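> Here is how the chains run, residue by residue.
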Amino acid sequence: MSESGGSTGAKLILDVLADEGVGTVFGYPGGAIMPLYDALYGHSIRHILTRHEQAASFAAGGFARATGKVGVCFATSGPGATNLVTGLLDAQMDSIPVVAITGQVRTPLMGTDAFQEADVTSITAAATKRSVCVRDVRDLERTLRAAFRLARGPRPGAVLVDVPQDVLKAPCDRFNRLAPRRRTQPTTKADDAALDATIEALRRARRPVAIVGGGARSAGATHLFREFCALLELPHTATINGLGCADPGDPRFLGMVGMHGWKAANLAVNEADLILAFGMRFDDRVTGRPDRFARGASIVHADVDASEFGKVIAPHVALRGDLRYTLAQLAQRLARMESRPSFDGWAREARAFGGPPPPDRTPLGELSATSVLDRFFAHAPSDAIVSTDVGQHQMWAAQRQRASHPRNFLTSAGLGAMGFGLPAAVGAQFAFPARSVTAIVGDGGFQMSIAELATIARYELPVKILLIDNRRLGMVRQWQELFYERRYSAVDLSDNPDFVAIARGYGIAGESVAGGASLDDAIVRMLASDGPALLHCACYPGENVWPLIPAGTSVAEMMEARPQDEAVPA
Amino acid sequence: MTLALVLHDWRILERIVGLTNRLGCSYRSVEVRPRDDSRYDARIEFAGSPDALRRLDAQLNRLLDDDKEMSR
Chain A
539 MSESGGSTGA KLILDVLADE GVGTVFGYPG GAIMPLYDAL YGHSIRHILT RHEQAASFAA
599 GGFARATGKV GVCFATSGPG ATNLVTGLLD AQMDSIPVVA ITGQVRTPLM GTDAFQEADV
659 TSITAAATKR SVCVRDVRDL ERTLRAAFRL ARGPRPGAVL VDVPQDVLKA PCDRFNRLAP
719 RRRTQPTTKA DDAALDATIE ALRRARRPVA IVGGGARSAG ATHLFREFCA LLELPHTATI
779 NGLGCADPGD PRFLGMVGMH GWKAANLAVN EADLILAFGM RFDDRVTGRP DRFARGASIV
839 HADVDASEFG KVIAPHVALR GDLRYTLAQL AQRLARMESR PSFDGWAREA RAFGGPPPPD
899 RTPLGELSAT SVLDRFFAHA PSDAIVSTDV GQHQMWAAQR QRASHPRNFL TSAGLGAMGF
959 GLPAAVGAQF AFPARSVTAI VGDGGFQMSI AELATIARYE LPVKILLIDN RRLGMVRQWQ
1019 ELFYERRYSA VDLSDNPDFV AIARGYGIAG ESVAGGASLD DAIVRMLASD GPALLHCACY
1079 PGENVWPLIP AGTSVAEMME ARPQDEAVPA
Chain B
2 MTLALVLHDW RILERIVGLT NRLGCSYRSV EVRPRDDSRY DARIEFAGSP DALRRLDAQL
62 NRLLDDDKEM SR
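In the order they appear, the protein sequences are chains A and B.
Residues 539 to 1108 in the numbering used here are what the first sequence lists, from first letter to last.
Residues 2 to 73 in the numbering used here are what the second sequence lists, from first letter to last.
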C-alpha cells in the first residue's frame, strides 16, 4: 500500500502512476493543472519539462516506442491540452501506448467558455482510443487504471484522462492498491480452422511472401516471426513500422515494402501467390492502389484487431489473435509436417529482383544526403536507437537503417508528423540513458521542435542530432518536381538560420559539413562525443528519394531513379 | 444496417457519429435509452454502401470493446 495521508486527487494520480510503473513523465504546467504539479514537488516520479506540450506528447511516444512501456504526458487545460493532439494521434496511429493527463477548468466553469477552457475530450475523441473527463474524485483511480489497461492493449494506443482542477484538489480516501493489475482483455487465440487453412495455403504456394508490421513488435513476437521465416526459408519484407522485426542480415529479408520501399520487396509482393501479413494494416503507403496490390495472391492476414480484416484488403484467411500464439501455432504445425515446404529458391529469385535503393545523382562537390546516411549507419553502434523526423530523410533512413531490434528505429509512420524526431529522441534517451540515441532530422521538421534543444541541454542528454539540411521542404519539393511540373510552391527554406550557432546558443556542440571529405570524421566525432551534439549537413537540395511508387498507383508505375539523360535540378 | 448496442458510457455516441460520417454512412434512426444498470441501450439504423457499413460495423465493435474495457 502506498502512503498518501491527506490525499487529494492530484496525489492519487501520482500514486496510481507510480503503481503502474511510471517513473518519468513529460509535460508542461499551467493554471488548471497546478495542483498536480504541486503534488509532483518532491515526488519520486520524475517530471521532464519540455518546451512545448506537443514535444511532451512526442517524447512520451518516443519513450513508449523505445521501451514498450506506457509513455505519460501532462498538460494544462485549453491550449496545453490541444497542443498534445498531434502526439496523441501519432501514438494512436502507430499503436503506441501513451496516457495523457490534462488539467481542466473547475467543474462549475465547464461549458462557460472559461479562461483556457477546451472540450478536450471531444477534441481528442478521434485521436485516441478513449478520452474521458473525471468529474468525481471517486472515479479517478478506476479511470486511471482503465486508461493504462486500454493503452497497453492488446492493441496499444493513446488514452487521455482530463481532470478538472477541483477534482485534482478534492480530498480523497487513502490510496489502496487495487488487486493485481488486470490485463486489458484475455489473450485472443486464432482459431484452429484458420491456422490449418494457412498451412494448407503454404502447402499450395509457390511464391509466398511474408510482410511484418508494427503489430509483431507490440506483441513481442519478433523472434517468432523470424523463426517462422527461417523454418520455411521464406522471403519476407517489413512495413516501416515493422523495421527491426525482421533480421536485416537475413538473406531472405527483402527490405522495406511500400512507396519508397526496396524494389525487391515490392516486386516480390507483386509476384507473390500468397501474402502472409503479420501485424500490419495494409496502409495506402504499402498497397498503393488496393485493387492492384498483389493481384495474384491469396491473403492471410494475422492481427489482434479484427477491425483490420478487410478494412483495405479482404483476406482469404483471417487469423485473429495474439501474434505470439498465431506464429507459435503455425510453427508447431509446420514442425509436424512430414514434408515441410521450403521457399529458398523463390527467396533467392526475389532477392535478385533488386538491390539496395539507389542514391540520386548529385552535382560534383555537393553533399549527398544519402551518402551522409550511408556513412552514419556505417558508424553508428549496432544497438543505436535512431529517431527520424518526417520527409525525405525519413525515407532515406528507413531504406538504409540496419536495426536488428524492433524498438531501435523510431519514426512517425502512420501520421507522418513533422517535429517528431527530436522530442522522440529525448523520450528514448530518458528511457536508455547509456544508449546511443540519434535524431535524424530535416531542416523543416527540426525547426518545428527546435526549442527541445533546451530540454536536451537542461537534462544534459547525450542526444545526437544529424541534421539533413537541404534548405527545402524536400519531399514536397520532390513531388512538385515530379508531379506538379516543377512549380515549386512554398518549399524554399534557403534562408535557414545558422543551426550550429543556435545549438551553441543552447550550450550544445555543433559542427557543419558541406563537402564529402570530412564527412566520416565529423560523424565519428559526433557519435563519440560525451554530451549532446549537432552535425549539420548542408546537402544538395535537388536530391530525390528513389524508388518511388506514386500515390494511388501500383508497383507497375514504380519510378526507380532519375533518368540518366535528365539534368539534376538546380 | 441496424445495430443494437450496449453503451457503458453514452458519450461514445459522439465517436459513433464521427465514425459514421467519416466512413460515408448516415443514420435513419437513433434511439438511446438508459438501462437500470447505468448502461445504455442504443438502437441505431445506419445507411450506406455495404462495404462502408461492413467497415463501420468492425470499427464500432472495436469502439465498444474499448468502451467496455474503460468501464471495467
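No lab work stands behind these hints: they were computed from the structure.
Here the structure is a predicted model, which means the values were calculated and not measured.
All C-beta atoms in this analysis are idealised placements derived from N, C-alpha and C, irrespective of residue type, glycine included.
Treat the hints with care, as some may be off.
Using 20 angstroms as the maximum straight-line C-alpha spacing, the simulated SDA-like pairs for lysine to any residue come out as follows [unchecked claim]:
#1 A:Lys849 with B:Arg23
#2 B:Lys69 with A:Ala844
#3 A:Lys727 with A:Gly758
#4 A:Lys707 with A:Glu655
#5 A:Lys849 with B:Gly19
#6 A:Lys727 with B:Leu20
#7 A:Lys727 with B:Gly25
#8 A:Lys727 with B:Pro51
#9 A:Lys727 with B:Ala59
#10 A:Lys849 with B:Leu24
#11 A:Lys727 with B:Cys26
#12 A:Lys849 with B:Cys26
#13 A:Lys849 with B:Arg73
#14 A:Lys849 with B:Asp66
#15 A:Lys607 with A:His761
#16 A:Lys849 with B:Asn62
#17 B:Lys69 with A:Ser845
#18 B:Lys69 with A:Gly580
#19 A:Lys849 with B:Asp52
#20 A:Lys607 with A:Val1038
#21 A:Lys849 with A:Arg1025
#22 A:Lys607 with B:Leu20
#23 A:Lys849 with B:Leu20
#24 B:Lys69 with A:Arg687
#25 A:Lys707 with A:Gly580
#26 B:Lys69 with A:Glu655
#27 A:Lys727 with B:Asp52
#28 A:Lys849 with B:Glu70
#29 A:Lys707 with A:Ala844
#30 A:Lys849 with B:Arg40
#31 A:Lys849 with A:Arg833
#32 A:Lys727 with B:Gly49
#33 B:Lys69 with B:Arg40
#34 A:Lys707 with B:Gly25
#35 A:Lys727 with B:Glu15
#36 A:Lys727 with B:Arg63
From chain B, some residues computed to sit far from chain A (all C-beta separations above 12 angstroms) [as the list claims (entries may be wrong)]:
#37 Met2
#38 Thr3
#39 Arg16
#40 Arg23
> Where does the structure disagree with the numbered hints, that is, which hint numbers, in rising order?
6, 7, 8, 11, 13, 18, 20, 21, 22, 26, 27, 28, 29, 30, 32, 34, 35, 39, 40
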